[in-house]
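S.K.: Each chain, written out:
2 protein chains.
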Amino acid sequence: MASEYINDIGMRAKAASKIVRNLSTDVKNECLKACAQALMDASDEIITANKKDLEPAKANGMSEALLDRLSINEKRIRGMAEGILTVASLKDPVGEVISMENRPNGLMIGKKRVPLGVIAIIYESRPNVTSDAFALAFKAGNAVILRGGSDAIESIKAISDVIRKTLTAHDVDADACVIVDKTDRTYVNELLTLNKYIDVIIPRGGAGLINMVVENATVPVIQTGVGNCHIYVDKAADLDLALDIIENAKTQRLGVCNACESLVVHSEVYEKFLPMLYERLMVKDGVEIRADERAREIVPEFVPASDEDYYKEYLDKIISLKIVDHCPEAIEWINAHSTGHSEAIISKNYNHAMRFLNEVDSAAVYVNASTRFTDGGEFGMGAEIGISTQKLHARGPLGLQELTTIKYIIFGSGQIRK
Amino acid sequence: MASEYINDIGMRAKAASKIVRNLSTDVKNECLKACAQALMDASDEIITANKKDLEPAKANGMSEALLDRLSINEKRIRGMAEGILTVASLKDPVGEVISMENRPNGLMIGKKRVPLGVIAIIYESRPNVTSDAFALAFKAGNAVILRGGSDAIESIKAISDVIRKTLTAHDVDADACVIVDKTDRTYVNELLTLNKYIDVIIPRGGAGLINMVVENATVPVIQTGVGNCHIYVDKAADLDLALDIIENAKTQRLGVCNACESLVVHSEVYEKFLPMLYERLMVKDGVEIRADERAREIVPEFVPASDEDYYKEYLDKIISLKIVDHCPEAIEWINAHSTGHSEAIISKNYNHAMRFLNEVDSAAVYVNASTRFTDGGEFGMGAEIGISTQKLHARGPLGLQELTTIKYIIFGSGQIRK
Chain E
68 MASEYINDIG MRAKAASKIV RNLSTDVKNE CLKACAQALM DASDEIITAN KKDLEPAKAN
128 GMSEALLDRL SINEKRIRGM AEGILTVASL KDPVGEVISM ENRPNGLMIG KKRVPLGVIA
188 IIYESRPNVT SDAFALAFKA GNAVILRGGS DAIESIKAIS DVIRKTLTAH DVDADACVIV
248 DKTDRTYVNE LLTLNKYIDV IIPRGGAGLI NMVVENATVP VIQTGVGNCH IYVDKAADLD
308 LALDIIENAK TQRLGVCNAC ESLVVHSEVY EKFLPMLYER LMVKDGVEIR ADERAREIVP
368 EFVPASDEDY YKEYLDKIIS LKIVDHCPEA IEWINAHSTG HSEAIISKNY NHAMRFLNEV
428 DSAAVYVNAS TRFTDGGEFG MGAEIGISTQ KLHARGPLGL QELTTIKYII FGSGQIRK
Chain P
68 MASEYINDIG MRAKAASKIV RNLSTDVKNE CLKACAQALM DASDEIITAN KKDLEPAKAN
128 GMSEALLDRL SINEKRIRGM AEGILTVASL KDPVGEVISM ENRPNGLMIG KKRVPLGVIA
188 IIYESRPNVT SDAFALAFKA GNAVILRGGS DAIESIKAIS DVIRKTLTAH DVDADACVIV
248 DKTDRTYVNE LLTLNKYIDV IIPRGGAGLI NMVVENATVP VIQTGVGNCH IYVDKAADLD
308 LALDIIENAK TQRLGVCNAC ESLVVHSEVY EKFLPMLYER LMVKDGVEIR ADERAREIVP
368 EFVPASDEDY YKEYLDKIIS LKIVDHCPEA IEWINAHSTG HSEAIISKNY NHAMRFLNEV
428 DSAAVYVNAS TRFTDGGEFG MGAEIGISTQ KLHARGPLGL QELTTIKYII FGSGQIRK
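Chains E and P, in that order, give the protein sequences. Just so you know, we're using the working numbering here: the first sequence kicks off at 68 and counts up by one. Just so you know, we're using the working numbering here: the second sequence kicks off at 68 and counts up by one.
Calculated directly from the structure, the hints in this document are not laboratory data. It cannot be assumed that every hint is accurate.
Note that identical chains are pooled: a pair holds if it fits in a single copy or bridges any two copies.
Computed cross-link-like contacts, DSS-like style, restricted to lysine-lysine with a CA-CA straight-line distance of at most 30 Å [said to hold, decoys possible]:
id, residue 1, residue 2
1, K384, K125
2, K178, K158
3, K119, K142
4, K118, K81
5, K100, K384
6, K178, K302
7, K485, K351
None of these values were measured; they are calculated from a predicted model.
Sequences are here, hints too, so could you generate the full structure?
M.R.: Below is the structure:
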């Protein structure tokens with residue numbers, strides 16, 4: 068029974084979370100370092116397991132890009148190990164007392180950072196998420212329940228086995244890292260409603276997965292990932308700088324959520340700028356530009372954009388383009404079409420830049436820089452588990468601190484309420 | 068059509084939220100002060116409207132307690148006005164830059180406090196929630212959609228009319244305060260899934276309402292309110308102090324979420340303590356004590372407790388009681404039965420107190436003080452919209468700061484990612 072299986076997993080993870088939340092930073096770091104070493108030592112087993120995922124995937128005609136995402140080699144295992152070591156090196160957020168105040172009645176009220184408890188992470192076919200997610204959640208004092216894509220199940224099992232054995236060897240409950248090794252969808256649905264044991268669910272993947280989780284979960288969710296990121300080229304833009312930033316944000320890495328997917332260009336510069344853009348992005352970089360009618364009057368080579376184009380996260384060599392007549396129109400357009408991830412204005416005008424920063428309602432808003440910087444590492448968090456595009460709890464990169472909550476600790480001496 | 072009606076309300080609130088989030092603190096405070104005055108000036112109309120709610124309620128046999136909760140008089144209107152003025156006097160959380168860091172590549176990355184956007188509040192028959200909730204949400208730069216109990220609909224309409232007229236008179240979009248004036252349940256269901264326009268839903272009321280919202284909402288929810296609060300009398304407790312605190316936490320106000328509903332008593336002191344407790348709570352205060360067998364051997368007047376008793380929020384002159392043999396057992400018992408609201412230990416033992424503070428997994432954990440202090444005012448926040456019992460976003464009293472989110476603002480000079 069799916070419900071019994073998932074209930075058991077939840078109960079075990081909850082029990083483990085009570086142990087993990089009280090581990091000292093030293094013990095957590097030792098476990099993490101040992102996990103990194105153990106993964107390196109188990110390279111052969113992990114690669115063998117990975118082959119069991121790759122063979123049916125190839126036989127079923129999985130695309131080259133997805134096969135690449137699924138496959139594990141020595142270098143990728145080293146990458147996983149390094150990721151874990153990075154997390155071990157980060158400052159432990161648990162136990163920090165953010166504030167401590169004396170009230171007039173003598174109560175001393177403190178606000179203390181504590182682990183969330185049990186975090187369920189639902190992801191797709193990238194097996195390395197297994198070790199990344201475990202490491203971050205564990206360092207922040209949580210137990211994790213991991214449910215990866217069925218395509219990657221053998222790889223995920225192999226990686227989690229190594230982690231679980233290492234935890235046991237360090238006298239830590241192995242259920243701090245539990246995986247759902249059933250690939251049937253009913254198991255996910257049980258997970259999404261296990262409020263009794265799970266404190267938060269983080270989906271990592273495409274829009275389809277995220278929507279499925281948001282629609283069906285009763286456990287609180289942190290939405291991550293989908294980025295229809297905009298760059299607005301203002302009338303006061305340095306056009307060469309705009310071109311460099313757009314090229315970087317669109318082409319430096321295509322399949323990431325902070326890549327630029329849509330351009331907004333001011334009508335006072337578009338006659339000059341669009342031919343430059345055409346040369347750089349379309350001719351040089353091979354990016355298809357889907358534009359509105361006004362833009363196509365300047366560059367007929369642009370492809371006509373449909374309404375849906377403006378809502379799309381392409382993750383491909385395609386970008387949409389819209390001409391606007393003033394900065395407020397650009398802001399309104401972006402707020403109506405973006406997914407609330409990252410947006411940038413390119414401008415030398417102070418008022419436009421400040422207005423854009425204030426009024427664009429996204430997790431990260433840039434002046435004169437590439438949207439590609441929205442990333443835990445680039446923001447100085449060291450590592451992240453995803454980018455939150457919702458407003459509740461955490462917005463932007465989810466680092467260690469975002470995997471904690473707070474609790475009030477109150478020191479009294481017999482106070483009663485009057 | 069419910070979906071069209073709710074969609075229209077959402078769209079209007081969203082549009083208003085874009086105006087409210089950019090209002091200066093001065094303008095917001097002027098509006099709030101004017102609302103307070105306008106409510107006082109409209110006392111007659113509001114009381115007349117309230118009668119239209121009270122008459123059918125009486126005819127339908129509503130209990131005295133509920134009728135009292137529903138009724139509005141001059142004094143209560145003054146209370147609402149004072150509540151609004153308190154909010155006007157609080158520090159505006161919007162715009163605070165929490166951190167600003169220079170990255171090695173020259174990017175200056177700031178974390179800024181910004182409004183959530185549109186907050187929907189679903190409540191029961193307490194009409195004053197209308198003005199309280201509006202004032203807090205508005206001061207934090209948000210628009211609100213209010214959906215109160217159908218019993219209170221005429222009162223809610225009258226109060227919101229006054230607020231909306233005042234906003235209009237101050238050139239602020241009246242849709243910063245929209246009410247759902249349809250009492251059919253289908254309208255609530257539409258509201259719970261209006262992710263397009265609503266950023267967060269806060270249910271205020273009993274367990275039934277909260278569970279209904281959690282189970283059906285796809286919009287992120289902040290759970291509030293249900294408090295099965297525990298007080299643990301340790302073997303090292305000052306028993307007189309324990310008695311005073313328990314009496315206060317149980318009887319000072321019965322119908323509140325931070326009242327104590329369950330006692331846990333150490334077996335080394337129960338023989339001495341239970342007779343004291345019986346005298347004070349049962350004989351003097353008329354509180355029914357539902358206890359386990361061991362306790363009833365000492366005081367046969369205690370009523371036998373069922374398993375369900377230990378999960379109950381009575382909000383009445385009833386309390387449950389459990390005997391344990393050591394501090395870890397008390398902690399485990401509390402974590403298994405509490406709703407994660409507020410719990411207290413009464414002890415002179417340093418190690419027990421620290422362990423209780425660390426291991427009890429609730430929003431507020433006390434040493435030697437009454438659980439009744441878990442309150443925005445008592446915590447120094449000035450006012451609150453409820454007590455969060457979930458771990459995501461906000462835990463404990465929800466003050467102005469908890470009605471905001473953050474956004475990253477990034478100042479660049481042409482940075483691209485390498």
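S.K.: Does each hint fit the structure? Answer for all of them.
M.R.: Results of checking the hints against the structure:
1. Only within a single protomer do K384 and K125 lie at most 30 Å apart by alpha-carbon distance; the minimum there is 25 Å, versus 68 Å between protomers.
2. In this assembly of identical chains, K178 and K158 lie within 30 Å of each other by CA distance both inside one copy and across copies; the values are 18 Å within and 19 Å between.
3. In this assembly of identical chains, K119 and K142 lie within 30 Å of each other by CA distance solely inside one copy; the values are 19 Å within and 74 Å between copies.
4. Taking the shortest alpha-carbon separations for K118 and K81, neither the intra-copy value of 33 Å nor the inter-copy value of 50 Å comes in at or below 30 Å.
5. When the C-alpha separation of K100 and K384 is checked against a cutoff of 30 Å, the pair qualifies neither within a copy, at 39 Å, nor between copies, at 54 Å.
6. Within a single copy, K178 and K302 get their C-alpha atoms only as close as 47 Å, which misses the 30 Å cut-off; across copies the closest is 27 Å, which meets it.
7. In this assembly of identical chains, K485 and K351 lie within 30 Å of each other by CA distance solely across copies; the values are 19 Å between and 74 Å within a copy.
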